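Colleague: One-letter residues, chain by chain:
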Amino acid sequence: MKDLVLNILRDTRPEFEFNSEVNFIDEGYLDSFDLITIVSDLESTFDIKINGSLIVPESFSSLDSIVKLVQSSKNAS
Amino acid sequence: MHLKFKNKRISGILSILPTNEVNFIDEISNYNFSDKQSIKLGKIMGYGTRRIVDNGTTVSDLCTFGLNYLFDKKLLNKDSFQALILCTQSPDQFIPATSNIIAGNLLLNEDVICLDINQGCAGFEVGLMQAFMMLDTGVINKVVLLNADILSTKVSVKDRNSRPLIGDGASITIIEHTLEDESIDVFIKMDGSGALSLQIPAGGFKMPSSVETAILKEDVAGNLRSLDDLVMKGDQVFNFVQTKVPELFNEMLVKLNVNKSFFDYFFFHQPNKFMLEKLADKLEIGYEKMPNNICEKYGNGSNNTVPLTICDNLGGKVKSESFEVCLGGFGVGLTWSLIKCKLGNLDFCEIINYK
Numbered sequence: 001m002k003d004l005v006l007n008i009l010r011d012t013r014p015e016f017e018f019n020s021e022v023n024f025i026d027e028g029y030l031d032s033f034d035l036i037t038i039v040s041d042l043e044s045t046f047d048i049k050i051n052g053s054l055i056v057p058e059s060f061s062s063l064d065s066i067v068k069l070v071q072s073s074k075n076a077s
Numbered sequence: 001m002h003l004k005f006k007n008k009r010i011s012g013i014l015s016i017l018p019t020n021e022v023n024f025i026d027e028i029s030n031y032n033f034s035d036k037q038s039i040k041l042g043k044i045m046g047y048g049t050r051r052i053v054d055n056g057t058t059v060s061d062l063c064t065f066g067l068n069y070l071f072d073k074k075l076l077n078k079d080s081f082q083a084l085i086l087c088t089q090s091p092d093q094f095i096p097a098t099s100n101i102i103a104g105n106l107l108l109n110e111d112v113i114c115l116d117i118n119q120g121c122a123g124f125e126v127g128l129m130q131a132f133m134m135l136d137t138g139v140i141n142k143v144v145l146l147n148a149d150i151l152s153t154k155v156s157v158k159d160r161n162s163r164p165l166i167g168d169g170a171s172i173t174i175i176e177h178t179l180e181d182e183s184i185d186v187f188i189k190m191d192g193s194g195a196l197s198l199q200i201p202a203g204g205f206k207m208p209s210s211v212e213t214a215i216l217k218e219d220v221a222g223n224l225r226s227l228d229d230l231v232m233k234g235d236q237v238f239n240f241v242q243t244k245v246p247e248l249f250n251e252m253l254v255k256l257n258v259n260k261s262f263f264d265y266f267f268f269h270q271p272n273k274f275m276l277e278k279l280a281d282k283l284e285i286g287y288e289k290m291p292n293n294i295c296e297k298y299g300n301g302s303n304n305t306v307p308l309t310i311c312d313n314l315g316g317k318v319k320s321e322s323f324e325v326c327l328g329g330f331g332v333g334l335t336w337s338l339i340k341c342k343l344g345n346l347d348f349c350e351i352i353n354y355k
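Chains A and B supply the protein sequences, listed in that same order.
The numbering used here puts the first residue of the first sequence at 1, with every later residue one more than the last.
The numbering used here puts the first residue of the second sequence at 1, with every later residue one more than the last.
Calculated directly from the structure, the hints in this document are not laboratory data.
One should not assume that every hint holds.
[Unchecked claim] Restraint ranges, calculated between C-beta atoms of paired labels, are given here: (1) P246/B x T45/A: 22 to 32 Å; (2) V139/B x S65/A: 38 to 48 Å; (3) D26/A x G138/B: 50 to 60 Å; (4) K49/A x K255/B: 37 to 47 Å.
These numbers were taken from a predicted model, which means no experiment stands behind them.
All residues carry an ideal CB built from backbone N, CA and C; glycine is no exception.
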């Protein structure tokens, strides 16, 4: 799952290395409109629906937080 | 806050759109992003075509044109209403009120109260609430509500996040007394602590427009805008809509003791396609009951989207049929509002082009 998420992040922002040391939001890797394309890609890749109230910057601050979001969305559906 | 009104109805809606149509794809080279990225975002957000005014066309022009159309077609008698409410965030001037300018254009009589309200995305609901309160005085028999904005002129041409969404236009809604004993329920909340989440920083008395405020600056994402342009904190606004609107929606269902299936339609403000889809999912409302076609077709016209949605999706059908509807507005202010009412047997419900 992590690799698929990483591919989505790299496709959205190819200019950044999405490693685990960086907070993607604080460092300006992702803005609110990037989150929208990422949500769309996550939903189609993992066949999930992400609850709108979970689409907040904190859910996208790291690879682990995004994986957690996908897993909780899978469990909810 | 919950306000209940009795014996009032909407009796007609007319939307007025500029004829100038702009396509997202034709503007894609303006933006600091690859075409591939922009097209992908555009599909999700509903970037399509939008109607925008020509240079020099104002809110009063659109509203005056629409009202003259109604007078000419004998759909509205010039002497039959006692209040003219205009909801707009793009007034012709700071002074005087644009509603007074419109009244002057039309030579309305001196017993018509003109009132401007500065409201955006919930402006239709706020305007209706004001109209219902005026009718409750017993002195006023009919109110003309104008919802109009031309905010395309206040969005940077290099702002891919906002520019492709914003459209211009106006709507005219007639509100009057009825003998039918139907109640109208208005639920409304405001949170001024989020007032600057959606704003135009310069151009008022606090920061007058100047050469400095017109300088384009790049944001972290790569959009270019100046202090004279509309700017929003997208993540905050999105989160506000996804949390506060469902809370108010559930409050409405409980207080009125109705369930979702009671409503035929949910005519909500359309900030963008993605946000409204997510809201529909959260409220567990089928997309067929919550039209979401305005952004792609005409652009987000701020407080004009709800009446335009009704005209575009119901049109002449609502002249002979009646529907239980929930109207919803949310955004700048921050303001959010829901109205439960019956909508039917209108005298008119149509869209015309401004010429």
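Colleague: Hint numbers the structure violates, sorted upward?
Modeller: Hint check: 2 and 4 fail, others pass.
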